[in-house]
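*Asks:* Protein chains in written order, with the numbering used here: chain A, 223 to 1147; chain B, 223 to 1147.
It should be emphasised that the hints constitute simulated quantities derived from the structure, not laboratory data. Computed from a predicted model, the values in this text were never measured in an experiment. Don't take each hint at face value.
Under the rule of at most 35 Å between Cα atoms (straight-line distance), these lysine-lysine pairs were calculated in the DSBU-like manner [what the hints assert, rightly or not]:
hint	chain 1	residue 1	chain 2	residue 2
1	B	Lys848	A	Lys1061
2	A	Lys750	B	Lys920
3	A	Lys1066	B	Lys253
4	A	Lys1066	B	Lys884
Simulated DEER-style distance windows between Cβ atoms [unchecked claim]:
hint	chain 1	residue 1	chain 2	residue 2	range
5	B	Asp492	A	Arg881	27 to 35 Å
6	B	Lys863	A	Glu1070	42 to 50 Å
7	A	Arg297	B	Pro1010	33 to 41 Å
8	B	Thr1069	A	Ile699	47 to 55 Å
9	A	Gly1098	B	Pro490	46 to 54 Å
10	A	Gly710	B	Lys863	28 to 36 Å
11	A	Arg881	B	Arg1060	36 to 44 Å
12	B	Tyr862	A	Phe358	51 to 59 Å
13	A	Gly1098	B	Asp492	50 to 58 Å
14	B	Phe358	A	Met1007	29 to 37 Å
15	B	Trp915	A	Lys410	51 to 59 Å
16	A	Ile699	B	Gly731	53 to 61 Å
Among the chain A residues that face chain B by a calculated CB cut under 8 Å, a handful are [unchecked claim]:
hint	residue
17	Ser419
18	Leu432
19	Gln435
20	Met932
21	Leu936
22	Asn1041
23	Met1046
24	Ser1051
All C-beta atoms, glycine included, are put in the ideal place defined by N, C-alpha and C.
Number of protein chains: 2
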Amino acid sequence: MDTKGRFCYLQIMAKPIYSFSEKSDIKAISKLRADDARALLGGKGAGLFEMSRIGLPVPPGFTVTTDVCRAYYARREQRKLTHYQLHRFAAQKKTLSRALLHEFVAAMGRLETAAGRRFGDAHDPLLVSVRSGSKFSMPGMMDTILNLGLNDRTVQGLEAQTKNPRHAWDCYRRFIAMFGNVVKGIDKDHFESALRSIKARANIKEDSELSTQSLERLVTVFKEIYLEHAGFPFPENPWDQLRMAVTAVFESWNNPRAIAYRKLNKLPDDLGTACSVQAMVFGNMGADCATGVGFTRDPSTGEKRFYGEFLINAQGEDVVAGTRTPKPLAELQKAMPAVYRQLSGISRTLERHYRDVQDMEFTIEKGKLYMLQTRTGKRTAISALRICVDMVKEGLITKRDAVKRVSCTQLDELLRPVFDSEAAAKHHILAKGLPAGPGAASGRIYFSAARAESEAKHGPVLLVRPETNPDDISGMIAAEGILTATGGLTSHAAVVGRGLGKVCVVGCGSIDISEAKRTVRMNGLVLKEGDFLSLDGFKGDVIEGKVKTKPSEVLEVLLGTRGESGSGLYAAYKTFMSWVDEFRRLEVRANADTPADAKTALALGAAGIGLCRTEHMFFKEDRIPKMLAMILSETDEERYKALQALFPLQKGDFLAIFRQMKGYAVTIRTLDPPLHEFLPRTHEEAEKLCAKWGFDAKKVWAKAQELREMNPMLGHRGCRVGITYPEITEMQVRAILSAACELRKEGQRVVPEIMIPLVGHITEFRHQKARVIAAAEDVFAKYKMRVPYLLGTMIEVPRAALTADEIAAEAEFFSFGTNDLTQMTLGFSRDDYGRFMRKYLEVKVMTEDPFKSLDRVGVGQLVRMAIVKGRAARPGLKVGICGEHGGDPSSIGFFHDAGLDYVSCSPYRVPVARLAAAQAALAKA
Amino acid sequence: MDTKGRFCYLQIMAKPIYSFSEKSDIKAISKLRADDARALLGGKGAGLFEMSRIGLPVPPGFTVTTDVCRAYYARREQRKLTHYQLHRFAAQKKTLSRALLHEFVAAMGRLETAAGRRFGDAHDPLLVSVRSGSKFSMPGMMDTILNLGLNDRTVQGLEAQTKNPRHAWDCYRRFIAMFGNVVKGIDKDHFESALRSIKARANIKEDSELSTQSLERLVTVFKEIYLEHAGFPFPENPWDQLRMAVTAVFESWNNPRAIAYRKLNKLPDDLGTACSVQAMVFGNMGADCATGVGFTRDPSTGEKRFYGEFLINAQGEDVVAGTRTPKPLAELQKAMPAVYRQLSGISRTLERHYRDVQDMEFTIEKGKLYMLQTRTGKRTAISALRICVDMVKEGLITKRDAVKRVSCTQLDELLRPVFDSEAAAKHHILAKGLPAGPGAASGRIYFSAARAESEAKHGPVLLVRPETNPDDISGMIAAEGILTATGGLTSHAAVVGRGLGKVCVVGCGSIDISEAKRTVRMNGLVLKEGDFLSLDGFKGDVIEGKVKTKPSEVLEVLLGTRGESGSGLYAAYKTFMSWVDEFRRLEVRANADTPADAKTALALGAAGIGLCRTEHMFFKEDRIPKMLAMILSETDEERYKALQALFPLQKGDFLAIFRQMKGYAVTIRTLDPPLHEFLPRTHEEAEKLCAKWGFDAKKVWAKAQELREMNPMLGHRGCRVGITYPEITEMQVRAILSAACELRKEGQRVVPEIMIPLVGHITEFRHQKARVIAAAEDVFAKYKMRVPYLLGTMIEVPRAALTADEIAAEAEFFSFGTNDLTQMTLGFSRDDYGRFMRKYLEVKVMTEDPFKSLDRVGVGQLVRMAIVKGRAARPGLKVGICGEHGGDPSSIGFFHDAGLDYVSCSPYRVPVARLAAAQAALAKA
């Protein structure tokens, strides 16, 4: 909120209630910025004011501000009730201040005037709806009460008013049940079983067949249920009803669903909800009545057409309950042409007004249209993209708006693999869960993280767990998809799985996992460890066997495996991404170790390779014997010889990658892992390996034992290996620069950047630098040419960040290794932190996994410090990041702010990183 | 050097040579501060100037400044000779500038005038000595040449001059050998074997029996040897001799001995040496001649008496060579009473002048006394202390001077255990090595660090290795003493062993270790692993069997196991330490886990306990089953019950420690290690343990496997355990405060400080704080009283230092855990860094072990940052350190500068830490 906004806000803060049927209130609210209006009145309230202001037909009413809700919670807090007291005086805690109640009376008075009816009037009663609504849309999370104001007297007034006794009693019984459930927390089942038994006695099936007498009887029974469970009789006084309903709406801000929703969507917990009270209109009073929802554009395809559904003679609940099938809006055109014209005009007005797709609720009472709500329409990823591109073309929004509006999650979804629909049709759906991570994945199932991790080397795997916890993280990373039996959309599996970009189906209650037997039973079938299964993370489907997946449409075009289809989706993507690239400052590179990775990276828009890990090359099956020979060397001479054997292979690796990268920068990291990672971990592995390659198993095992470390993370790795065995660094540099020379001779541009890992002391970097220069000069002399190259370092040890000035004096670029930097700065081993992280998240000692989203306060402080110190020593020092945070949108925002030059992430995250970079730039601008 | 000093220095810098027989030069030098004079002329040169200035009898001469030496090296550097060129043009490299040679001629001219003889004169030749001398005394490390100026002609002039042909030829042959050895690097053995063969031919035993003819013959043979090995004939021209000698003295600055000595004593490598040229005087010309050394006080006891030795009719070499036994100076009083009176007067003058014990060299030539050198006398620890205390009493120095003058190493030596001399007399000395770490130790011998470490739990052990390297560090820490077969006083074992305060004998070449057989052979005896051996680190003796050790005299008095002896040593210690405490600002506490430790700590002057580790209490044999039960608990209920069983034991621990600490602060750290440290490490251990205590071995082993971590250092430990199982923290806090309440009821003051380990996030601290407060309130309610206590945290995770402002807002004190902070800031696992540290030290990537002496640039930066941020958030925040650096004098200097309030170290290091703190305060003042 800027100063001006804050000023307006302060001026009106004292006012607890605003009427959207009062001109002066509408004017006051119209002076607020849209955001502030939503903060004060909730999205629903703000929409009602705005629709009233522009002259749309809105039933009269008023909104109690979120200030009141916050004051309500503050009062409770003030009284400092202990848990015990809270429990005992539960009734007392839920009270509104006396002053507020006076305001209510006044506001209701104005509403009565506007509606032309009196609240609680026995002859022509005013009925109202009481609805929640907060700044951010939280659909279905908080509570709503309809038909409030009914009691044994006013129900007769309603009968008289509408000449429709059945309608009146139907409203009454619905109201009691809704009120009992929302205000007193009485389980809906109690009311429904009473309803069922009356229907059974009357021998009918549909609620609509119930006679007025049965409904009257139901009201009596419902009141008995209410008395029994609430301990008090149903409140006949409409003012009591109103007070209790508003209190209940406030309380619903902190119901478990709402809390979970906010946690999932990272919304703040202290905003509070507003409460709108509005005169009831009825879509269920006859054939000239209807209720429905409309979208200004198709929310699933993004097509520009007025879209929606409606039901003749119905209340809003009926649309939601699904007992009757709503009809497409097009049919309303035939049934009520005038109303349709009016509605369709309103639709255009609202979209133009809000410059975004609107999702509207309306009711037609006796041929008259009422607008009950308008809000920004939720949409699928595909439609989000299309709508933005279309709206820019239509001049409705700017490119800047468009880039801000498509979320990273939506863009990512567009690139997720999908099932080949023909292939999928041939497979059974075995179960259904919650779709927690979009995409399609097939693989062999494993029931433990360890098994999933080790088997992932041999092909795609799915991790199947009752639920996941941080211990499972390595298995989750290794798996293509994750399936859990319990947990909702905010469970560990869902949050972390989605964060990792995994296909994820959670809360699939119908499956029965036996961890001991390593089986899962679903739909009568028993699957064993290693059996195939497929997951559709868009829908939550669990599908039998191995279903062929394919890249998404956009990805296929990007990778060149298909041409553009008629759908225009790729064209929209291309246009959108060109805008993204216009606004971003951060360069986006990819982490790629192979020519295939490099190709994908380029196709997805990477501007180079930010991290090429050379160790992965040595893990290749045929190179193991050569690597082993190197490690087993007992003299420098022997080691040199073994490295000579590896040299041509390494050179080949780099030739292929450079060739693929067509002159884009390639940052190559010298050997990083401890040498024991190349050795067998068990005695059996050693035996097998040695039998195959003809090594002495005893010797290999002894070496493995010798090199074993207590804390390998803080051990003999990174440049420490290069310093102990400088001939390794030399061989790698020779391979890199020989490949570069050979390609330059062919006329290809090559930009090698050599990166030394795990530097903590400038002396370490100097040692390696001397070796790199010596090897480089040697190569250049041999090829009789020079290739420009950069020599830089990873900043991943806290000490490197602390002494970045010293290091930058010698290093030509920095690349933050935020994985290791996080491990050391926090003292968290990524392999072990699951032991306590579960508890940490549970007791809120931490709210976010620091390996997923950068710890800005701690690690971020070191990042900023290193940049400031580094650039002081070497103005214009190039600084990037190649840890896993490089693909995390929130972290990218930080990297933009901190002034990095580039982020590097996995190839498939490149488009998302580009978008995140653009959004960060726009957010700062 | 302050501005004034620097100014003087610059004024005279152009002058390469100063004569200590020229008034104007003496005056110029007298204007320099003593330090600057030593830097310019070396200690020897500065002493000669000063003695000349105050009118003592000094043979005339001059000093070539260290500037010249540095310029000499700079010239060599400038020419940028490659290693190959250096080798080829070895002769060329060692040259002096032409300008300098002109200065030489001039200086020699003045010397000739002063001496009344001419250099190279055939009839009355001037002979000179050429001696090295640098700012810091490096006794015996660099070279000296005597009798320079002799050749076939001048030897006859000397004959004529002295009327002593034998003396002349003896000088000549000595000169050729010395010159050949120093200037041309010819092995002394070549000359000595020639001498031996001539003696054999002449059938005599003593050099002194050689006839003039034999000596003449020897000169001829020595010249042949010279020609053969140097490739050039012996230079007859005295000017060539002089030029070559000066060059050799400069070169000797960088001989391997000198380099090693500087490394050992941490002296800078770029100071260079001065070179003093002085007219020879002869103590070997008859019975009225003598040479000797004197000390102004007894260097071994510190007694105030003129002490020294002399030889009638001898040259300085003879005293050193040990072929004749020198006589005590007292006898000189009888032999030459007048000279003795003069010498004794000079001794008093010099000590008063320098305000420190002087070590003088003198020569008496034909009844005339000449002073050749005066320097600060080296002394034993005991004498250092006594001398300082006496000198303060005599008004010679201030208390401030005294505190600066006793080194931490000397003070430490006073507290080292010694052998019971009666007991030692009964044991054989099996071998002799270099005394690298003072003290006396007995224990069972082990040949690997791992064995030493594991066996140290059962009793004292000695680590016996061919040589040690950083891999052995854990074994070195665990052992009482270290014995190596190879390596000198600068070897790893010597440097690290001494640093760790271990008794250490190195380079014991006569022992024969078989690592494979786990035996060591010495003096015909074969000792097996586990056999007893004893080491005398004062003398370097390796003694048979188990010799009883006892605390040193001072320590015995401190610990109250004996009364003050007549030696007055304890009284001197007490006086000295009272001065130390006057000057220091830093408080010194001790790390103590037991009442016994606490008692020692208090006796040695600790002002409280800075670290009481509660985990050590759980490692006690009888508590293991209870601890096991706690760890094996499957529910909170079970764990609570198990903790209840541990509670009374913990309370007992704290009662005993508080009682012992008599109201001094006790900082207690809640449980820190990962729980798996309490579980068996091998299957066998598990079986044994479970058999003994009746646990299910399978279950215990499974738990051990479950808790095993990849990187335990970064794992589930510290407050992470307390957060996962808050009931552990609660039990400990209840035990601490219940003990405190009970003692307060007895009227004893108790000051508990509760310390939460491994905090990185303020949320962690808050979580534990809430538990601590809850438990405390519970205890206070039970005892119906309150005990004031502090609640603080360790700063050992980098993130804690980075967010110290947040943490200080909640924590009442900080204690740096610099061991862990070093591990994480540098990314060095203390268990593993030996793998590369050996290489790092070898290639000078690092020059110091960061776990011994704090890394000021990196870790120190975090320490300073945490203090600044912490005190900004909580003014006056108490800050201490309880890592091992707390006992390292150099690190203590840093902690003083950084503004810490206290350091905490092991009880026996307390006096040293007090001294280091005082010295740091004085250095800054």
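*Asks:* Each hint should be assessed against the structure and marked as holding or not.
*Replies:* To see whether the hints hold, each was checked on the structure:
Proposed proximity of B/Lys848 and A/Lys1061 is supported: the alpha carbons are some 24 Å apart, at most 35 Å. For the suggested pair A/Lys750 and B/Lys920, the alpha carbons sit about 28 Å apart, so the restraint of at most 35 Å is met. About 70 Å separates the Cα atoms of A/Lys1066 and B/Lys253, which puts this hinted pair outside 35 Å; it is violated. Proposed proximity of A/Lys1066 and B/Lys884 is contradicted: the alpha carbons are some 41 Å apart, above 35 Å.
Restraint check, B/Asp492 to A/Arg881: a C-beta distance of roughly 51 Å breaks the suggested window 27 to 35 Å. Separation of B/Lys863 from A/Glu1070 is about 35 Å and departs from the stated range, judged on CB atoms against 42 to 50 Å. Checked against the hint of 33 to 41 Å, the pair A/Arg297 and B/Pro1010 passes, with Cβ atoms roughly 36 Å apart. Take B/Thr1069 and A/Ile699: their Cβ atoms lie about 41 Å apart, and the range 47 to 55 Å is violated.
Restraint check, A/Gly1098 to B/Pro490: a C-beta distance of roughly 36 Å breaks the suggested window 46 to 54 Å. In this structure the hint that A/Gly710 and B/Lys863 lie 28 to 36 Å apart at CB holds, the actual value being about 35 Å. For A/Arg881 and B/Arg1060, the Cβ-Cβ distance of about 41 Å falls inside the hinted range of 36 to 44 Å, so the restraint holds. Checked against the hint of 51 to 59 Å, the pair B/Tyr862 and A/Phe358 fails, with Cβ atoms roughly 42 Å apart.
The beta-carbon spacing between A/Gly1098 and B/Asp492, approximately 34 Å, falls outside the hinted interval of 50 to 58 Å. Take B/Phe358 and A/Met1007: their Cβ atoms lie about 52 Å apart, and the range 29 to 37 Å is violated. Checked against the given bound of 51 to 59 Å, the beta carbons of B/Trp915 and A/Lys410, roughly 56 Å apart, stay inside it. In this structure the hint that A/Ile699 and B/Gly731 lie 53 to 61 Å apart at CB holds, the actual value being about 56 Å.
Because the smallest distance between the Cβ of A/Ser419 and any Cβ of chain B comes to about 43 Å, over 8 Å, the interface hint for this residue is violated. Evaluation of the A/Leu432 hint against chain B yields a violated restraint, the C-beta minimum of about 52 Å exceeding 8 Å. Taking 8 Å as the C-beta cut-off, the interface hint given for A/Gln435 is violated, the closest approach to chain B being about 57 Å. The interface hint given for A/Met932 holds, since its Cβ lies 4 Å from the closest Cβ of chain B, which is under the 8 Å cut-off.
The interface hint given for A/Leu936 holds, since its Cβ lies 4 Å from the closest Cβ of chain B, which is under the 8 Å cut-off. Proximity of A/Asn1041 to chain B is violated relative to the hint, the smallest CB-CB distance being about 12 Å (cut-off 8 Å). Hint on A/Met1046 holds. Least Cβ distance to chain B is approximately 5 Å, under the 8 Å limit. The beta carbon of A/Ser1051 comes within 4 Å of a beta carbon in chain B, closer than 8 Å, and the hint placing it at the interface holds.
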